[in-house]
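Residue numbers (the working numbering), protein chains in the order written: chain A, 1 to 291; chain B, 1 to 291; chain C, 1 to 291; chain D, 1 to 291.
Treat the hints loosely; a few may be bogus.
Where chain C lies over chain B, by a calculated footprint (3+ residues, C-beta under 8 Å) [claimed, not checked]: (1) 32 to 45; (2) 139 to 151; (3) 154 to 162.
Computed cross-link-like contacts, DSS-like style, restricted to lysine-lysine with a CA-CA straight-line distance of at most 30 Å [what the hints assert, rightly or not]: (4) C:Lys177 x D:Lys45; (5) D:Lys45 x D:Lys234; (6) C:Lys177 x C:Lys234; (7) D:Lys45 x A:Lys126; (8) A:Lys234 x A:Lys79; (9) C:Lys243 x D:Lys204; (10) A:Lys177 x B:Lys240; (11) B:Lys240 x A:Lys243.
These are calculated hints, taken from the structure and not from any lab test. These numbers were taken from a predicted model, which means no experiment stands behind them. Each residue gets a CB set at the ideal place from its N, CA and C atoms; glycine is no exception.
There are 4 protein chains.
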Amino acid sequence: MELRTDLAVEAREIAGEHVGGVEYRSYHENGLEISRLTVKNQKAKQALGKEIGTYITIELPSLTDNFTETDQRLVTIGKEIRRLLPVHGLVLVVGLGNLEITPDSLGPKTSSRVLATRHITGEIAKATGLDKLRPVAVMQTGVTGQTGIETGEYILSVVKRIRPNAVVAIDALASRKLERLGCTLQISDTGISPGAGVGNHRTKITKETIGVPVIAIGVPTVVDAQTLAIDLLKGDCSAKTRKLLSPQGRQMVVIPREIDLLTERASRLIAFALNGALQNEFDLPDLVSLM
Amino acid sequence: MELRTDLAVEAREIAGEHVGGVEYRSYHENGLEISRLTVKNQKAKQALGKEIGTYITIELPSLTDNFTETDQRLVTIGKEIRRLLPVHGLVLVVGLGNLEITPDSLGPKTSSRVLATRHITGEIAKATGLDKLRPVAVMQTGVTGQTGIETGEYILSVVKRIRPNAVVAIDALASRKLERLGCTLQISDTGISPGAGVGNHRTKITKETIGVPVIAIGVPTVVDAQTLAIDLLKGDCSAKTRKLLSPQGRQMVVIPREIDLLTERASRLIAFALNGALQNEFDLPDLVSLM
Amino acid sequence: MELRTDLAVEAREIAGEHVGGVEYRSYHENGLEISRLTVKNQKAKQALGKEIGTYITIELPSLTDNFTETDQRLVTIGKEIRRLLPVHGLVLVVGLGNLEITPDSLGPKTSSRVLATRHITGEIAKATGLDKLRPVAVMQTGVTGQTGIETGEYILSVVKRIRPNAVVAIDALASRKLERLGCTLQISDTGISPGAGVGNHRTKITKETIGVPVIAIGVPTVVDAQTLAIDLLKGDCSAKTRKLLSPQGRQMVVIPREIDLLTERASRLIAFALNGALQNEFDLPDLVSLM
Amino acid sequence: MELRTDLAVEAREIAGEHVGGVEYRSYHENGLEISRLTVKNQKAKQALGKEIGTYITIELPSLTDNFTETDQRLVTIGKEIRRLLPVHGLVLVVGLGNLEITPDSLGPKTSSRVLATRHITGEIAKATGLDKLRPVAVMQTGVTGQTGIETGEYILSVVKRIRPNAVVAIDALASRKLERLGCTLQISDTGISPGAGVGNHRTKITKETIGVPVIAIGVPTVVDAQTLAIDLLKGDCSAKTRKLLSPQGRQMVVIPREIDLLTERASRLIAFALNGALQNEFDLPDLVSLM
Chain A
1 MELRTDLAVE
11 AREIAGEHVG
21 GVEYRSYHEN
31 GLEISRLTVK
41 NQKAKQALGK
51 EIGTYITIEL
61 PSLTDNFTET
71 DQRLVTIGKE
81 IRRLLPVHGL
91 VLVVGLGNLE
101 ITPDSLGPKT
111 SSRVLATRHI
121 TGEIAKATGL
131 DKLRPVAVMQ
141 TGVTGQTGIE
151 TGEYILSVVK
161 RIRPNAVVAI
171 DALASRKLER
181 LGCTLQISDT
191 GISPGAGVGN
201 HRTKITKETI
211 GVPVIAIGVP
221 TVVDAQTLAI
231 DLLKGDCSAK
241 TRKLLSPQGR
251 QMVVIPREID
261 LLTERASRLI
271 AFALNGALQN
281 EFDLPDLVSL
291 M
Chain B
1 MELRTDLAVE
11 AREIAGEHVG
21 GVEYRSYHEN
31 GLEISRLTVK
41 NQKAKQALGK
51 EIGTYITIEL
61 PSLTDNFTET
71 DQRLVTIGKE
81 IRRLLPVHGL
91 VLVVGLGNLE
101 ITPDSLGPKT
111 SSRVLATRHI
121 TGEIAKATGL
131 DKLRPVAVMQ
141 TGVTGQTGIE
151 TGEYILSVVK
161 RIRPNAVVAI
171 DALASRKLER
181 LGCTLQISDT
191 GISPGAGVGN
201 HRTKITKETI
211 GVPVIAIGVP
221 TVVDAQTLAI
231 DLLKGDCSAK
241 TRKLLSPQGR
251 QMVVIPREID
261 LLTERASRLI
271 AFALNGALQN
281 EFDLPDLVSL
291 M
Chain C
1 MELRTDLAVE
11 AREIAGEHVG
21 GVEYRSYHEN
31 GLEISRLTVK
41 NQKAKQALGK
51 EIGTYITIEL
61 PSLTDNFTET
71 DQRLVTIGKE
81 IRRLLPVHGL
91 VLVVGLGNLE
101 ITPDSLGPKT
111 SSRVLATRHI
121 TGEIAKATGL
131 DKLRPVAVMQ
141 TGVTGQTGIE
151 TGEYILSVVK
161 RIRPNAVVAI
171 DALASRKLER
181 LGCTLQISDT
191 GISPGAGVGN
201 HRTKITKETI
211 GVPVIAIGVP
221 TVVDAQTLAI
231 DLLKGDCSAK
241 TRKLLSPQGR
251 QMVVIPREID
261 LLTERASRLI
271 AFALNGALQN
281 EFDLPDLVSL
291 M
Chain D
1 MELRTDLAVE
11 AREIAGEHVG
21 GVEYRSYHEN
31 GLEISRLTVK
41 NQKAKQALGK
51 EIGTYITIEL
61 PSLTDNFTET
71 DQRLVTIGKE
81 IRRLLPVHGL
91 VLVVGLGNLE
101 ITPDSLGPKT
111 SSRVLATRHI
121 TGEIAKATGL
131 DKLRPVAVMQ
141 TGVTGQTGIE
151 TGEYILSVVK
161 RIRPNAVVAI
171 DALASRKLER
181 LGCTLQISDT
191 GISPGAGVGN
201 HRTKITKETI
211 GVPVIAIGVP
221 TVVDAQTLAI
231 DLLKGDCSAK
241 TRKLLSPQGR
251 QMVVIPREID
261 LLTERASRLI
271 AFALNGALQN
281 EFDLPDLVSL
291 M
């Protein structure tokens with residue numbers, strides 16, 4: 001049994017703050033606490049168990065704090081996403097996970113709110129000014145058990161056809177701490193690694209495997225019951241504890257009771273910010289009204 | 001912090017097997033493990049924290065074991081429910097809980113599958129033989145935050161109007177053990193007590209408050225994170241642990257990742273068995289085809 | 001076969017504009033076309049087939065015209081609703097219809113967006129200022145086939161218990177003209193008559209039967225196929241036509257392909273306006289953020 | 001304005017029964033009325049407006065007639081589908097249409113019930129006998145407005161990657177006659193043509209464009225309002241009629257009120273039969289229990 005987290009900032013907490021090859025700085029903007037963590041070399045990668053690259057972490061307001069479409073915090077989040085995107089060209093947005101398993105539904109719920117524009121072309125687009133929108137395509141991979149197609153393979157088949165300049169992959173994450181559920185947003189330029197996400201994808205979805213940069217965006221929706229147990233027991237876990245926590249091999253997760261609201265809020269927030277990041281010529285409210 | 005469970009058999013495990021005034025026997029039927037626990041007096045009630053009355057507990061097959069509509073186990077479960085029902089007269093089936101919060105959705109999901117027949121009257125009913133069906137009415141209370149009406153008050157208002165001979169209240173439960181999630185069915189003649197259920201209703205729904213017998217049916221869908229922690233820490237919980245487990249006062253629960261499937265299966269199973277229990281003149285498959 | 005419409009303005013078009021006992025005037029406000037039609041006496045009632053009372057009709061912008069939460073048109077609609085409400089006291093908002101049949105789902109979809117406040121009482125409410133909110137309770141009746149309880153009987157049982165000063169009943173309507181689908185809002189102080197609505201309720205829900213004023217709010221979502229046929233054939237319908245239009249007695253309706261979007265938009269619009277009408281001490285955007 | 005139908009049997013009714021190059025025969029099996037229509041040459045293709053190939057039409061029982069999983073009629077339908085499938089090899093099942101627009105949701109609803117097996121490989125599959133299942137992959141295309149990817153392009157990208165022996169495309173259809181809604185199943189080996197389906201896809205999905213045989217399966221869920229009008233008016237339609245039927249250019253369709261139930265039933269029926277057709281080594285009930 002080991003501590004499981006998809007968040008780079010938690011991996012750093014676990015490995016210790018003075019690991020070599022890890023750069024970390026944090027700042028505030030528009031009332032949001034933002035940090036940038038860079039894994040710079042192989043040594044840092046192994047110490048943290050995180051791919052080489054940049055991880056931006058944004059602490060969101062607590063669940064009771066509603067945001068509106070014109071919230072400046074959304075603009076701030078959108079800017080952080082935009083910095084990782086190529087300046088021009090087609091972007092393929094991919095929702096990972098299972099729509100029917102609430103804690104795993106962040107990906108499909110969010111991607112279905114992203115404005116697809118790749119098909120808007122021709123005279124009408126020119127006449128209405130819509131030809132100035134950045135081309136965006138949107139897909140949901142479903143889960144391999146329902147499609148018979150590995151997630152990475154599915155994305156690759158579409159990437160080969162439509163040749164995007166970048167992929168944005170949205171997925172539900174696991175964190176180590178209950179307080180972060182629904183309240184922490186991680187954006188990275190490192191793609192998705194095997195075993196990450198609530199659905200535990202088996203394939204790597206990175207520039208290496210897909211051929212184009214992969215920006216990963218996620219919010220933790222669960223803490224693994226085993227990770228919570230290790231924290232409570234300070235690592236002192238017997239075989240009996242393990243069995244108790246995983247009856248008949250079923251994986252148990254800890255969630256807030258209001259998991260449905262949490263997933264809904266995170267999905268709307270990411271979709272708003274991502275639409276703003278992708279279509280930077282336009283005001284966020286206008287785009288939202290198109291949704 | 002204390003151990004929380006809505007299951008009488010777990011309350012007995014906690015209180016000890018030799019508490020006075022508690023009768024307990026178990027048996028097997030059609031491959032199901034069934035137990036009958038009777039809380040006989042005030043002393044037993046206080047020791048177990050459970051109302052005086054009978055609690056039937058049925059261990060369901062594990063989640064991977066599918067049942068079909070003609071499964072004899074459903075007939076067995078139906079018979080156990082029927083024993084607690086009055087022989088004749090109108091039954092009001094009530095789904096408690098919140099359809100939009102998956103672990104709390106068992107009540108509304110199940111009740112929406114129960115065959116309502118109270119309105120089937122007159123010449124057509126006679127001609128088709130449907131007048132032999134037992135009269136059944138079905139309601140869903142929603143949650144007070146969405147209706148502004150207390151659950152007990154809502155049920156009472158309908159009971160006063162349609163005057164049923166009994167109420168069957170279906171609700172998601174909390175258990176102490178992860179292995180019981182989705183796999184234990186409790187049927188009791190004691191109604192619903194304040195603080196029970198995943199949604200933690202504040203009002204008592206019993207013969208005392210409603211005026212007619214209240215049969216409660218439930219399946220555990222969550223373990224409270226605090227209850228799990230107590231078990232793991234053998235009761236040795238600090239204030240820091242409590243805060244960790246309940247950030248910003250949010251209530252955390254432990255669920256299997258496949259909570260949606262678990263709730264769906266339990267809901268279908270209870271609905272099949274309950275329809276069979278209510279309409280005992282008819283074969284289960286015929287009824288199911290009406291659903 | 002006869003022309004079916006739930007809209008008073010269409011009933012007036014059919015009966016002719018010079019029927020005695022019908023008052024009609026129209027005006028513009030905030031870009032909305034609003035009319036007030038009053039059925040003043042028995043003669044007018046029989047000529048129009050509409051109960052005595054006031055019918056306010058608001059032409060909504062076409063489906064492609066999005067409105068935002070701060071839209072002044074919502075304030076205008078809210079004011080029209082508020083004029084028909086009692087100044088003080090509890091209001092029970094009732095969603096009629098079937099959530100699972102899209103064209104009939106306007107009632108439950110809308111009422112689930114109305115802010116319930118009746119349960120917000122006590123010290124906390126005072127401290128937060130929430131005790132100034134008007135008390136509102138919200139219920140959904142479901143359909144008799146699923147509950148075994150007549151819609152009117154269900155409402156009456158709750159009314160007798162919580163004793164509201166008024167009931168607001170929201171229901172999907174049938175209109176005569178396709179162009180009105182999703183684009184016309186009718187508000188009346190006459191309650192709901194048998195045979196009205198997409199679900200064709202059999203019971204009257206009026207001050208007479210319920211004991212308190214009943215405000216009805218609806219938007220047409222369907223045109224009956226038979227009504228369309230009469231218009232196309234100028235009333236010249238043979239028995240063969242009738243059978244063609246109603247195979248095996250099934251009732252056919254005409255809808256726009258985008259019926260789901262239409263119902264969603266109408267539901268949000270009514271909920272926004274109604275929340276504003278009920279909670280007039282507060283700004284609409286604030287309320288919306290509570291939703 | 002012209003009569004619109006996606007059903008070959010209706011195209012034949014319109015063109016006349018004695019058009020050259022059209023073969024037609026009908027028979028009964030297990031209480032189902034089945035017909036085989038073959039468009040044999042270019043002349044027949046132009047007369048009927050249907051691609052060259054075979055169209056099997058099965059009249060389903062009326063909506064009130066429930067079928068169960070062991071119904072022999074499902075076996076019959078499964079056999080008809082199997083005849084058009086290649087004997088061995090991977091099959092890609094594609095659900096076309098929009099899950100959020102009920103009359104257009106048949107494709108995604110059905111495909112999500114088809115058993116994906118392509119990923120079941122290796123030692124475990126051998127040990128459990130699951131390696132004998134035919135490999136099946138399942139995808140849903142969504143709609144271009146939401147994905148930015150043309151339906152045909154999307155399918156082609158996956159076909160190129162996973163190289164199936166055949167594609168099965170499921171889509172909601174438009175018929176000319178109301179009595180056929182939900183009650184007629186068409187299976188063809190001709191793929192999908194532009195303008196077909198409720199969603200009116202613009203691209204051809206056929207062996208020609210995709211590179212492998214495309215079996216199309218569909219059930220009509222709508223009649224175009226204009227087609228109904230032509231039938232009612234015997235073709236005598238003025239410009240005014242056209243405008244009345246298509247206000248603001250919105251496309252109107254005629255549906256039964258119970259469109260949700262109709263789509264649900266058709267989706268389950270096709271999924272059962274298709275699973276049986278694909279996995280012919282296994283009994284239908286066993287497969288169903290896997291769903």
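Verification of the supplied hints:
1. 32 to 45: violated (count 0)
2. 139 to 151: holds (count 10)
3. 154 to 162: Coverage by chain C holds here, the residue count being 7 at a Cβ distance below 8 Å.
4. C:Lys177 x D:Lys45: Measuring from Cα to Cα gives roughly 38 Å; hence the hint is violated.
5. D:Lys45 x D:Lys234: 25 Å, holds
6. C:Lys177 x C:Lys234: This hinted pair holds, its Cα atoms lying about 14 Å apart.
7. D:Lys45 x A:Lys126: 38 Å, violated
8. A:Lys234 x A:Lys79: Roughly 39 Å separates the two Cα atoms, so the pair is violated.
9. C:Lys243 x D:Lys204: 36 Å, violated
10. A:Lys177 x B:Lys240: 13 Å, holds
11. B:Lys240 x A:Lys243: Holds: Lys240 (chain B) and Lys243 (chain A) sit about 26 Å apart, inside 30 Å.
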